[in-house]
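Peer 1: Residue numbers (my numbering), protein chains in the order written: chain U, 42 to 398; chain L, 42 to 398; chain W, 42 to 398; chain E, 42 to 398.
In short, the hints are calculated from the structure, not lab data.
Please note that the accuracy of each hint is not assured.
If chains are identical, the list can't say which one is meant, so a pair holds when it fits in one copy or spans any two.
[As the list claims (entries may be wrong)] Dumping the calculated PhoX-like pairs for lysine-lysine here, alpha-carbon to alpha-carbon at most 25 angstroms:
no., residue 1, residue 2
1, Lys111, Lys101
2, Lys82, Lys101
3, Lys188, Lys222
4, Lys321, Lys360
5, Lys222, Lys360
Number of protein chains: 4
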Amino acid sequence: MNTWGTKIRLSIFGESHGEALGIVIDGLEAGTKLNLENINKFIDRRRAGKSSFTTSRKEKDEFRILSGYKDGHTTGAPLCVIFENTNTQSKDYENLKILLRPNHADYPAAIKFKGFNDIRGGGHFSGRITLALTFAGAVAMDILEEKGIKIFSHIKKILDIKDKSFLEFKEVDIDKFKNLKESSLAFIEDDLETKTKELLEKIKLSGNSVGGEIECACYNLPVGLGSPFFDSLESKISHLAFSVPAVKGIQFGIGFDFSNILGSEANDLYYLEDDKIKTKTNNNGGILGGLSTGMPLVFSVVIKPTPSISIEQETVNIKEMKNDILKISGRHDACIVPRVMPVIEAITALTILDEIL
Amino acid sequence: MNTWGTKIRLSIFGESHGEALGIVIDGLEAGTKLNLENINKFIDRRRAGKSSFTTSRKEKDEFRILSGYKDGHTTGAPLCVIFENTNTQSKDYENLKILLRPNHADYPAAIKFKGFNDIRGGGHFSGRITLALTFAGAVAMDILEEKGIKIFSHIKKILDIKDKSFLEFKEVDIDKFKNLKESSLAFIEDDLETKTKELLEKIKLSGNSVGGEIECACYNLPVGLGSPFFDSLESKISHLAFSVPAVKGIQFGIGFDFSNILGSEANDLYYLEDDKIKTKTNNNGGILGGLSTGMPLVFSVVIKPTPSISIEQETVNIKEMKNDILKISGRHDACIVPRVMPVIEAITALTILDEIL
Amino acid sequence: MNTWGTKIRLSIFGESHGEALGIVIDGLEAGTKLNLENINKFIDRRRAGKSSFTTSRKEKDEFRILSGYKDGHTTGAPLCVIFENTNTQSKDYENLKILLRPNHADYPAAIKFKGFNDIRGGGHFSGRITLALTFAGAVAMDILEEKGIKIFSHIKKILDIKDKSFLEFKEVDIDKFKNLKESSLAFIEDDLETKTKELLEKIKLSGNSVGGEIECACYNLPVGLGSPFFDSLESKISHLAFSVPAVKGIQFGIGFDFSNILGSEANDLYYLEDDKIKTKTNNNGGILGGLSTGMPLVFSVVIKPTPSISIEQETVNIKEMKNDILKISGRHDACIVPRVMPVIEAITALTILDEIL
Amino acid sequence: MNTWGTKIRLSIFGESHGEALGIVIDGLEAGTKLNLENINKFIDRRRAGKSSFTTSRKEKDEFRILSGYKDGHTTGAPLCVIFENTNTQSKDYENLKILLRPNHADYPAAIKFKGFNDIRGGGHFSGRITLALTFAGAVAMDILEEKGIKIFSHIKKILDIKDKSFLEFKEVDIDKFKNLKESSLAFIEDDLETKTKELLEKIKLSGNSVGGEIECACYNLPVGLGSPFFDSLESKISHLAFSVPAVKGIQFGIGFDFSNILGSEANDLYYLEDDKIKTKTNNNGGILGGLSTGMPLVFSVVIKPTPSISIEQETVNIKEMKNDILKISGRHDACIVPRVMPVIEAITALTILDEIL
């Protein structure tokens with residue numbers, strides 16, 4: 042079902058090349074100010090065509106609010122926002138109904154929807170649908186900022202390039218973090234951006250693609266958000282995270298590294314600092330028993346490489362039911378990791394808002 | 042909220058040392074046969090006290106069905122099952138209200154529930170509550186077995202010990218897999234059990250603990266289960282997985298390894314085998330666009346080391362608000378990974394059943 | 042929350058004088074044909090300006106499908122449809138923020154939404170929002186018609202004018218019922234339309250208004266739809282019915298008349314007819330224990346008189362917090378009962394569809 | 042589905058003659074005091090065997106709290122309470138599988154559950170299951186009382202016996218209302234109890250039964266509870282009300298009388314009293330636009346006559362598929378209206394609590 046949330050309720054709709062995509066956001070308090078400039082800035086971060094290694098499809102991504110908003114404030118009725126799909130190339134998608142694209146949803150989608158799904162541009166499975174999520178996340182982010190809660194993300198890893206972790210920071214380090222929301226290749230460490238840009242351009246040239254790991258942190262959460270069953274903070278964040286196309290894994294705190302160490306190393310020891318209860322390490326990424334501990338909430342997700350590559354690939358021709366060769370042409374992202382970052386921040390903001398209201 | 046599911050609805054309740062714990066399972070078709078022997082066998086797999094390295098607390102784990110069951114079949118009314126808590130040591134838990142146990146839920150739970158939560162044995166945060174989930178999973182498993190769907194799990198990794206992956210198998214290999222449900226230390230490879238047992242006994246002796254990685258596979262799924270938004274198969278499985286205490290990460294297919302390879306290596310190429318559409322590799326773990334592809338569904342979760350260790354730890358005394366030392370005595374698991382395995386299988390079965398009905 | 046449904050999920054949005062209103066319909070099977078002509082005909086039944094006694098505001102009620110629909114069929118993605126608000130008079134609504142209109146939602150809405158709600162035309166509380174529900178209902182109706190299920194409604198009562206009840210018919214009487222969907226004042230008995238028209242015109246002239254009772258019937262339902270707890274068919278129908286502005290009561294079968302008779306008269310006695318189990322009477326309106334019995338599902342709702350009348354009324358001036366006089370001018374319906382009828386049919390169709398899928 | 046509620050979540054289970062029935066109540070704030078004496082007093086009001094006209098089956102109705110409660114307070118974990126079924130006569134229910142009881146759920150239940158439902162005592166359809174709802178309602182009532190909210194009900198009508206309406210009272214009249222919770226035949230007017238008792242005894246003697254109308258009022262609600270779509274206060278109350286067996290209609294305020302009057306008579310005119318905004322009449326029963334207005338919330342429900350009567354009835358023998366005669370023997374209520382009253386108060390309290398938290 043395309044709805045999500047308890048206190049905030051999202052209903053997402055749209056297809057990549059249909060009339061429009063959008064989202065209904067219910068549960069926002071009447072009188073909430075919407076900072077349209079902030080929202081535009083935020084959704085602009087997932088726009089393509091800004092870098093040499095992303096697709097050149099340039100959507101304007103202009104939103105139109107249909108309801109729930111008047112004179113700068115929410116009215117208490119559901120906020121519905123839509124994005125018209127304007128820049129859709131009328132290329133022949135019929136071919137894609139025949140030759141299954143590896144790592145795309147084509148095959149299971151065709152079975153599930155009995156061939157009636159809109160396959161153009163990935164249809165409802167398109168990453169473009171996350172534009173609506175990003176809008177909702179921008180709204181949530183603004184509300185959280187009012188409460189002092191801050192969310193950041195950065196690229197933690199692409200192939201051999203590895204950045205520092207947010208786990209090394211016990212609080213927001215504005216000097217280090219301020220650029221994360223500005224850069225199209227956001228790293229905590231200064232020297233990684235250029236190196237990565239060069240790598241991605243090389244990959245794009247070769248017609249290939251690459252994924253990566255995004256780390257996200259949320260600072261200044263109150264203690265006790267979440268539940269043990271079944272809505273642990275980890276459950277809720279992961280539920281939304283895996284709605285983002287290309288996410289294939291998620292870990293909280295040190296995550297999979299918990300299998301490399303002993304309990305005595307894993308345990309985050311409590312101590313008092315300025316009369317506040319903190320832990321010396323933050324291996325758990327700010328969550329224990331499904332509840333926020335007050336330490337920074339830190340998690341990372343892995344993004345698989347963009348499936349669309351211009352290299353020839355073996356596949357199945359489902360019309361003739363025979364093995365065949367697929368050659369995808371057209372504009373593609375060599376790496377969508379930077380464009381997914383605001384989406385990950387968005388789903389974090391939405392989850393936290395749903396818990397905090 | 043302690044409810045989960047759309048077509049099946051679970052409501053879980055109970056505390057480790059309260060009167061009883063249990064679960065209400067709604068949505069089972071009337072006339073479903075319950076194989077009580079299979080259920081007992083399944084829940085027995087998460088029982089403690091069977092190995093030298095697990096806690097010696099021996100619960101009998103006897104269930105009592107209160108409703109929804111008559112003459113061997115479900116009646117269509119909600120199935121409520123309870124487990125009485127009998128073997129509860131009356132040790133002094135007051136101390137734990139004062140000295141926060143690292144990596145347990147004590148601190149955020151005390152804040153969230155304003156000190157009213159039942160702290161004995163972890164209360165509602167106890168791993169013991171998963172006993173109810175395991176019962177529900179056993180019921181689901183039996184229904185799925187009728188449809189030819191099979192679920193297995195094994196230990197993928199503990200410290201340096203690493204097992205083969207299910208990803209190497211395109212279908213159920215009964216010879217290799219049949220022991221997985223029998224052994225208390227289930228590996229695909231034959232020679233790992235003894236080695237691991239020795240490791241765990243050594244760790245237990247040292248008063249320490251260890252976590253590990255569990256891999257789970259589900260065979261013979263139909264194509265097209267799941268949704269793109271917001272209930273991808275990955276979303277639903279991860280949501281339940283993170284309700285299991287100690288799970289800190291989840292990855293589907295090769296998961297975090299997607300950040301190490303190029304698109305041309307990551308893409309699972311389609312081909313025809315016996316007129317069926319399959320993929321040469323299964324890097325995506327049987328899920329594309331949130332939908333099952335018909336290839337084996339494979340994922341792994343990481344379990345953090347048992348927080349309760351008998352080594353002295355620094356912590357905070359919240360009564361006197363000062364730094365202090367905690368010494369936990371009593372029976373503990375050196376490694377709960379084997380006991381968590383049936384729980385992971387259970388949540389997989391429940392998720393699949395909720396999709397397939 | 043502005044969402045409803047289990048197998049079908051509706052998300053409604055919009056305000057009477059905002060940009061647009063609409064609905065997201067999720068859960069429709071991919072490949073469902075939409076008969077746009079039928080839909081237009083159905084939603085046209087709730088349009089104003091067709092009769093001498095309804096408001097002269099003439100909306101065109103043209104819908105635009107934004108997603109989930111392609112080449113005549115649903116795609117499996119959520120179906121989003123919007124209606125732009127074009128014919129909105131720019132009259133001074135500021136006055137209404139000051140003088141509370143009796144029997145409208147003004148006062149509690151102002152408190153709930155802290156004055157931020159869009160008050161123009163009733164905003165989100167406007168009957169106009171049911172246009173979206175009517176669209177959804179038209180879609181549902183078409184799907185049900187395919188399965189042989191038929192839904193009708195008629196005016197059962199306005200002041201002293203009383204029609205026959207559907208309870209007198211054990212099955213669809215096409216001769217009697219075919220006009221119900223055509224007439225703007227639909228009665229089963231032939232001679233009531235003219236009489237009622239005259240009454241309503243007289244009431245309109247006097248600046249007053251009137252309500253009435255609508256009876257709705259659903260034929261050819263399978264046996265066993267619904268549940269005892271908490272989603273009885275009566276629960277589900279009434280839940281949606283009370284979302285329709287002006288509905289203040291609902292009764293199933295003979296409803297409140299059950300307090301006038303003895304058990305021996307109330308009991309619907311079973312008998313066999315053509316090897317089918319039927320009941321001699323249908324006092325229960327086709328529902329027992331919350332489940333459909335296979336007999337016609339019959340219920341009626343009462344609609345209160347349109348609150349907007351042109352007669353002067355006492356009220357409170359909330360700006361100056363003093364008693365004051367309100368004079369409402371402008372176009373109004375003397376009786377909205379005929380316009381509510383398709384909405385009641387719509388919510389019935391939606392409820393049945395949600396149960397039957 | 043047997044779950045209900047947003048902020049409070051109820052999961053009900055059990056069958057009349059099974060092991061036990063009960064309810065899981067989730068969402069209660071940790072530290073909520075439970076007044077067990079009040080709860081016992083409240084659930085005792087629905088107990089049978091207290092009057093000459095109710096069934097002589099005397100259940101003890103003793104509850105056992107399994108979880109979520111410790112040292113007089115809720116712990117924050119789900120509260121699970123069960124009632125064991127002890128006083129179940131082992132009479133032959135096989136007969137009832139063959140001869141359909143008119144106005145009971147037997148027939149549609151047998152179809153829905155394919156004959157696997159527990160038919161003894163009505164199984165999951167039994168009014169006895171409302172015992173669990175009554176417990177939950179008693180808890181809710183106590184929480185609401187703390188906030189000054191008071192709920193009362195009385196018998197409004199049985200055959201020709203008619204009581205005053207709560208609509209005549211603008212606030213709680215303690216002198217008049219205090220007996221309503223004590224009497225087994227609660228009327229506002231003093232002289233109706235004896236008369237009704239005589240009537241009911243006469244009906245019981247004749248082997249027949251009777252229904253009636255219950256009116257319920259809720260005082261001191263804040264303004265603005267509820268929503269326009271789809272969770273109007275009327276929607277939520279009616280949803281739960283129709284889960285109570287035998288309820289066949291509900292009306293808010295003057296309800297069906299709205300079809301008898303003009304808008305000028307129907308409109309509740311605002312005025313100021315002690316600087317508070319009130320209405321001169323309360324035809325809307327304290328709800329406008331789905332929201333509470335601050336005036337007393339008043340609604341009434343109709344209860345159909347008890348289906349089980351000792352008079353011979355025609356019916357169908359579904360084993361032999363022939364018309365047959367049914368003679369029900371055993372203990373029955375001549376009128377369940379008094380026993381349903383606390384259940385109606387309970388569902389009101391639960392609805393209000395779900396809105397107010």
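Peer 1: Now tell me if each hint is right for this structure.
Peer 2: Each hint tested on the structure:
| no. | hint | result |
| --- | --- | --- |
| 1 | Lys111 <-> Lys101 | both (23 angstroms within a copy, 24 angstroms between copies) |
| 2 | Lys82 <-> Lys101 | within (12 angstroms within a copy, 37 angstroms between copies) |
| 3 | Lys188 <-> Lys222 | within (19 angstroms within a copy, 46 angstroms between copies) |
| 4 | Lys321 <-> Lys360 | between (60 angstroms within a copy, 20 angstroms between copies) |
| 5 | Lys222 <-> Lys360 | neither (46 angstroms within a copy, 42 angstroms between copies) |
Checked against the numbered hints given earlier, the structure breaks only hint 5 and satisfies all the rest.
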